[in-house]
Structure formats: C-alpha cells, structure tokens
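Asker: Just so you know, the sequences run in chain order A and B. Going by the working numbering, the first residue of the first sequence is number 1, and it counts up by one from there. Going by the working numbering, the first residue of the second sequence is number 1001, and it counts up by one from there.
Please note that a few of the clues may not be correct.
Result set (DSSO-like, lysine-lysine): computed pairs, CA atoms no more than 27 Å apart in a straight line [what the hints assert, rightly or not]:
id	chain 1	residue 1	chain 2	residue 2
1	B	LYS1390	A	LYS90
2	A	LYS127	B	LYS1100
3	A	LYS178	A	LYS153
4	A	LYS82	A	LYS47
5	B	LYS1390	A	LYS82
6	A	LYS30	B	LYS1390
7	A	LYS47	A	LYS153
8	B	LYS1100	A	LYS153
9	B	LYS1390	A	LYS41
10	B	LYS1263	B	LYS1063
11	B	LYS1390	A	LYS63
12	A	LYS47	B	LYS1159
13	A	LYS136	B	LYS1100
14	B	LYS1390	A	LYS69
15	B	LYS1022	B	LYS1006
16	B	LYS1063	A	LYS99
17	B	LYS1310	B	LYS1159
18	B	LYS1390	A	LYS47
19	A	LYS136	B	LYS1390
20	A	LYS153	A	LYS90
Among chain B residues calculated to face chain A with C-beta under 10 Å, some are [to be verified]:
id	residue
21	GLU1066
22	ASP1148
23	ALA1179
24	GLU1215
25	LEU1361
26	PRO1380
27	LEU1382
If you're looking for bench data, these hints aren't it; they were derived computationally from the structure. Backbone N, C-alpha and C define an ideal beta-carbon position, used for all residues, glycine too.
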Amino acid sequence: MRQMRLFSSRDSGLVSELRLVIMVDESTRKTLSSIPLLSTKAGPRDKELWVNRLKEEYQALIKYVQNNKGSDNDWFRLESNKEGTRWFGKCWYMHNLLKYEFDVEFDIPVTYPTTAPEIALPELDGKTAKMYRGGKICLTDHFKPLWARNVPKFGIAHAMALGLGPWLAVEIPDLIEKGVISYKDRGDE
Amino acid sequence: MDTTEKLKSRIAELEIELANEKSKNAAPVRQKIAQMSSEVVDSNPYSRLMALKRMGIVDNYEKIRELTVAVVGVGGVGSVTAEMLTRCGIGKLVLFDYDKVELANMNRLFFQPHQAGLSKVDAAAKTLQAINPDVEIETHNYNITTVDNFQHFMDTISKSSLKKGAVDLVLSCVDNFEARMAINTACNELNQKWFESGVSENAVSGHIQFIVPGESACFGCAPPLVVAANIDEKTLKRDGVCAASLPTTMGIVAGFLVQNTLKYLLNFGDTSFYLGYNAMLDFFPTMTLRPNPNCDDRYCRQRQQEYQAKPKDITVAKEEIDDTPLHEDNEWGISLIDETVPDIEDTSATVSSGVRQAYTLPARPADPEPEIVSTETSGPSLEELMAQMKSI
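The task is simple: from the sequences and hints, build the whole structure.
Answerer: Laid out in structure tokens, this is it:
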C-alpha cells in the first residue's frame, strides 16, 4: 500500500507536475489513464451543455466501474437525480477479507467543473478528524492542484479515483484499528 | 397559628428570591436609536464613532446607517466581522451560513458554549441584535454552492439592501474554495464589489482581497494566493487533522477585513486590494492585482471590457510636496522601509515577496471561448446511460 503513505504524508508546498506524477503511484496512474477524459466544460447552470457533460460523466463512470470489475477491484456504485446535480450510492473497502461499506453522497457545485465535487461519507462524520462538517472527506494538497490543471478533462470518475479511493485506503484501516468502525456495523452485508 | 406565621415568612423569603432571579434574567435592553448623535454622554453608543467626524477622519459617519453588507460564512472570521459592523452601527447585515455552532468552535471568538447546536446565523443574529438593535439583520441558513440555493443567493445579494437594491458590499468569510468560487461567480455576474478573506489551514497566515469586477483580479483570474508561512515543511505535521485555527489570526483577519470595508464604504484612507498576514514573521505584504484577460469566467472578461471602455476619472493626485523633514534630527537613525509592491501583473508562482500562488496552471489559449462541443447526438441518451450505470 504505497499509496497510503504517499497520500497521508502531506506537505503544503508547491508541487511540480513531475512530482505529482510520482506522488500518484503506478496503479493509480494506470487506473487514471484508463478513465475517459471529458471535454464539455459545463456546469449545472448551463442547461443543454450540462446534459452533454452529464452524458460524458456517465460514460466515464461506466467505463471506470467496468474496468474496476475487470481487474477485480470493484469498489463503488453511484447514481444521480435526473438533473445530475445530486449523486449518491455506496462505496466499500476490503480489509482482512471483510467488506466495509459506506453511503457516499455529494452535490455538484454551481462552479463545477472548475471546482471538484466535495465527496461525503455522512455516516463517518465526527469519527475522524480527516473530514469536514457533514462528512466531507479531507483531500490532500495534491488533489486540488491536479484537479485545477485538468479542468474540464477530469470528472466525477476521476474525483472518485484520486480523491475517495486513496482516502479510503488510508483512513478505513486506521479507523478499524482504532475501533471506531467495526465489521459488525455492517453485519447485513 | 405558629405554622401560618412560618409559612408567611417562608413566602416572603421566596418572593425575594424570585425577584432576585427575575432581575438576573431581565438584562437591560438597549432601546433603538433613531438618529446617530455625536453627543458625548455615557448613554450614547455612537459617541466615539461620531468622534471620527470631529477628528476629520470620516466626513459623514452617519452614512453607515444607510448601508447594507452581506457576510457569507459566519464562522471564526465572519462572526467577528459581523459583530464589528454591528458595533459600528451598519444599517443592515445579511448573513449566510448553513452550519451549526459546535463546541469545537470555542477556540474562536463570538459564539458561546450555550449556543452549541443552534444554527450559526440564528445564534449570531440574536447576539448581534442584543448588542445593537438599530441594525437590521436578515439570515439565510443554506449552502450557497448548490444549484437550488445559488439563484436565491444571487437574488438576495441583488435585492436586499435597505433600499431594496443590491447590497453595498459582500464579504466572503467562508472556509473553502468551492464557496469562494461560487461567490466569485455570483459577483462577476452581478457586477458586485466584494472582499475575499481567508486564514490558512495551519492558522499562521491570512489575507484579504478586494475584488472590483473588471478592475481588479477576480478570485478565478489566477490560482489562489498563499502567504508563505516560512515553516520548514518537514516539521509541519498534518497527521490526523484537516485544519488548525487560532482566535488571534482570525480576529486579525476580521479586523483587516472590516477596516478596509469601512474605508471603502465611508470613503476614507486607501482601500487595500490585497493585504496578507504572515503571523510567523509579522509580515504584511500588500499589492494590487490586475485581472487576467484570459480569465475562465466569461463575466469577468465582460466586466474587464466594460471597465476598459469606461472613461477613467482622472483624479490627478494633488501632490503636496513637503520637503521639510518631519523630525529635524534623527538621533537613532530610524527610517521607514516601503514594503508595498505596486501593480503585479505577472502570473508566475511567486507573485510578490512572501506571496505565491497555491499552484501553477498550464498555459491556456489566448481565447478560450470557441470550444468545440461534441453534441453526442449519436451515442446513447442520458436516460439510457443512467439505466446502464444502475444495472452494472
């Protein structure tokens, strides 16, 4: 889990493009490169263009989930309201052969895709310091510059791969170890 | 008989106790004051403010009673900002926040432990109204960045002044990039002047930035500016926390913000376009930021064109050259060093000594407008894609 260390050791410095590439480990980079890039720069206030953007979002997400399934690393499902402004679903993390599952939700901000969506895991709100109010995950200093450089090419699938994926990989084992979350919590799985 | 007497005296005791308790709760309420008076008496809450006129600092202090300021984000900086403006006798405050008061906020100023659980805007409104009932306070408890609320936010900004028009100034006291960009989008569209403010996540630096659409750089013209913290990054431990905060830094930034708000609104002194604060070195960089002609925000570009087309009021500064030294002798060799850096246009990472951009962006084409939009008429419809995603 090289990714874990890389994403938890955070420095608030100016990071060069080169270093960012190194910061994202080989598997994340491979994952990232297989997610289709988006081209329509439109947010939820842009009526028809937003519909185009939404189509691209869904196409990228479908491809990403299919890739994950193909590489035996299926880890989330997402769907949206019909306007595509509110997203919800589930994500899960395997730890010692046990599956820990959480609800995911986020709104598409009016400034999307200039600003990334703020992904939230509401049920973990208050259980870890690496969250903002409402269970919004605390992303690394690398995420925002990387996102900003890739507007409008990155979409929700990229936010999941670069934001939530690494966050789960760092935080969930830690929360399990601290006893903050336990497998029994999700005994129905 | 004896018992009746006892009971009577007990009743008397209890009545006194009750009266005492009642007097505790009945805090003296300050009555509304119709007109600001400059009379210097103990009972006049405005006497020291009106003294600014007598001292020649402000021409017309009473004007503040006609002005409306919107404060977006009523947290560590916003609540103190709102309190300062309330004590200054601002005409109207419009507060926006969707958060609740938490005990974890108690390292900051303004809110008190008994308010935990209340919405920040309601708790703030109550306290502010008690401090100064002359101020009209309007509250909005929602997240401005969502599609549903954003339009209401724009409408409120443009219709909530005391004269039912646009507010005189918007103050951003939010704690995240998304909300700042939402305010930026709204203010560019509405041609609304606003101040951005912020405190770094390590709590030892902060800044304010005055944004006049078209005239100064908007918040989206360049990556956010960061006041260098002068901390060895290897010693900056961020394990297990998102953000630190100090009441000192937040109070200082709120002070800078309201000071420049007053200077702008009441027309005295110079309003800073950018003022940074590095707490580690007590360093305060100031500068002017010009807008980026290739800004991503099309309303920003439109405002720039409007500003350039506008005839500039040529106020030739009356330079009163006074050659006589202020102090005839300077026994200790004291001199002032000019730290201000005028008009910065360069968009390289280091903007000014002690200030840099949070990150760099790839060069964008000079005209970002004509983007070929793939209309995707051929592929599956949105509904089909949604269904496909659901069925995976």
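Asker: Each hint needs a verdict: does it hold in this structure or not?
Answerer: For each hint, the structure was consulted:
no.: 1; hint: B:LYS1390 <-> A:LYS90; in the structure: holds, 12 Å
no.: 2; hint: A:LYS127 <-> B:LYS1100; in the structure: holds, 18 Å
no.: 3; hint: A:LYS178 <-> A:LYS153; in the structure: violated, 38 Å
no.: 4; hint: A:LYS82 <-> A:LYS47; in the structure: holds, 13 Å
no.: 5; hint: B:LYS1390 <-> A:LYS82; in the structure: holds, 13 Å
no.: 6; hint: A:LYS30 <-> B:LYS1390; in the structure: holds, 25 Å
no.: 7; hint: A:LYS47 <-> A:LYS153; in the structure: holds, 19 Å
no.: 8; hint: B:LYS1100 <-> A:LYS153; in the structure: violated, 36 Å
no.: 9; hint: B:LYS1390 <-> A:LYS41; in the structure: holds, 25 Å
no.: 10; hint: B:LYS1263 <-> B:LYS1063; in the structure: holds, 12 Å
no.: 11; hint: B:LYS1390 <-> A:LYS63; in the structure: holds, 13 Å
no.: 12; hint: A:LYS47 <-> B:LYS1159; in the structure: holds, 25 Å
no.: 13; hint: A:LYS136 <-> B:LYS1100; in the structure: holds, 15 Å
no.: 14; hint: B:LYS1390 <-> A:LYS69; in the structure: holds, 14 Å
no.: 15; hint: B:LYS1022 <-> B:LYS1006; in the structure: holds, 24 Å
no.: 16; hint: B:LYS1063 <-> A:LYS99; in the structure: violated, 64 Å
no.: 17; hint: B:LYS1310 <-> B:LYS1159; in the structure: holds, 25 Å
no.: 18; hint: B:LYS1390 <-> A:LYS47; in the structure: holds, 24 Å
no.: 19; hint: A:LYS136 <-> B:LYS1390; in the structure: holds, 24 Å
no.: 20; hint: A:LYS153 <-> A:LYS90; in the structure: holds, 24 Å
no.: 21; hint: GLU1066; in the structure: violated, 31 Å
no.: 22; hint: ASP1148; in the structure: holds, 8 Å
no.: 23; hint: ALA1179; in the structure: holds, 9 Å
no.: 24; hint: GLU1215; in the structure: violated, 22 Å
no.: 25; hint: LEU1361; in the structure: holds, 6 Å
no.: 26; hint: PRO1380; in the structure: holds, 8 Å
no.: 27; hint: LEU1382; in the structure: holds, 5 Å
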